[in-house]
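S.K.: Spelled out from the first residue to the last, the chains are:
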Amino acid sequence: MALLLTVGQMLSLSLWALVRFRLGGRETLRQIYETGNRSIVFVGITMAFIGMIGVYELASTMEAVLPEYSTLGAATLQSLTREMGPIMAGLLLATRVGTGMAAEIGSMQVSDQIDAMKLCSVDPVELLVLPRLFATSIASLGLAAMGTTIAFFAGMTVAWLGFSILPDSFMSLRFVVTADLIMGISKALVFGFTVPLISCACGFLATGGSEGVGRATTRAVVLSSFVVILEDALITYIGEVLS
Amino acid sequence: MNGNPPVARLAGVDKSFGSHQVLAGVDLEFPEQRCTFVAGPSGTGKSVLVRHLVGLLHPDAGEVWYRDLRVDVLGEDALLDLRRRCVYVFQHPTLFDSMSVAENVALVVKYHKGVKAAEAEALARSQLERMGLSRLADARPPELPAGEQKLVSLARALALEPETLILDEPTTGLDPYAAFEIDAHVRRLKQQGVTLLVISHDLQSIRRLADEVVFLFDRKIRYQGSVQGFFDSPDGVLDQFVHARVDGVI
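Protein chains in written order, with my numbering: chain P, 5 to 247; chain S, 254 to 503.
Keep in mind the hints are simulated off the structure, nothing from the lab. Some clues are possibly wrong.
[Said to hold, decoys possible] Cut-off 27 Å, straight-line C-alpha distance, at most; resulting in silico cross-link-like pairs (BS3-like, lysine-lysine):
no.	chain 1	residue 1	chain 2	residue 2
1	S	443	S	366
2	P	122	S	366
3	S	443	P	122
4	S	369	P	122
Full structure from sequences and hints, please.
M.R.: Written as structure tokens, this is what we have:
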């Protein structure tokens, strides 16, 4: 309940700060670098393996059932665009970035730095949360696009070497329609907004020294991963209904 | 009391954290332009008590007043105004590690006085100069020893030119020289007529600086009065505290 209240309070204060043009440009750029650039290798390598494993499993199933591979590349790209790319970016951000945010803000909370900000007339939400919300949304979009591309090309390599499917026939856009792109982009933006929101709220609620910071960090990664999956299901359902 | 009107007042304040009651029916007044030390054994709620004065904590029952403002019912905007006049300095330095010393002080000036960043930085540097801390202006807080970090957080507070300054254990954990330096600044502020509330266990500082002492024990005010009366009190609890006796109820 306290977490819900904190999330609601942070949302309203962030919107209020945004309306007053209080988004710090320099801090937002720094956060984009921290969350985006510093996640590139982690997300890139993970997505390459996901692409390879996914294509291997899909090709094996197609081989047993159909058996032909003409739709393998198109189906892989569609699944990556609307599902795997954004959700993996969201979950990887929750583990790499969300934990960092919860730990950083949690440490500030238990060492009175958040209260010190309030006493200095500095709004902690404006200074700490708003730039992270913006930066992580942008980074999530970029990482989802990059991850989808890497996973697709890694899968194409497995298809070529493991199943003798030529890159020309694998590289097909025929299943991907505008609705898939919209769904992928929406998911990446929503996940990129949710992860810092929940992680920062967990940090703000940290109590009790370093043990409390540890609890906040665990809570942040568990809750944000869970909410990312719930949101994924919800957006997929809404997308299906609308289309 | 010396006859000065109270600048801050707590009336019947109760405060609990879960099932643990920290303050029970505390009635207390802090006189204006005086240096009041709040003493008491560790964990008796001294910080909890003074945090009510700047709205960092809200009482479960009772009222908190700063002049004619009822603090415990103020909204955040009104609290900002109060915190410009009544500045609280935490026990830990609470400086922002990612900023230089000058930027830490400038941040407060910028938000509180509503000036541009360049002007805030200039004001911050002149504040550091007044306190003899110019050499630290470009250092990062983690590079500084504890005593200098405390001096910087004091400089940050004084940049706001407060009428009341609350210092939470300003000399705890410092070497004697650093503690003496902090005390020297407190003495100067006292001479300037700033109302001072100091939470401290440091008996030497109490002897040197206090006009009045408040002793908190077992959720209530056990003593409020003169420094001499505090040190000479026949009360067993105060006697044990002042003379650091092992046997007793503390």
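S.K.: For which of the previously enumerated hints does the structure constitute a violation, in increasing order of number?
M.R.: none
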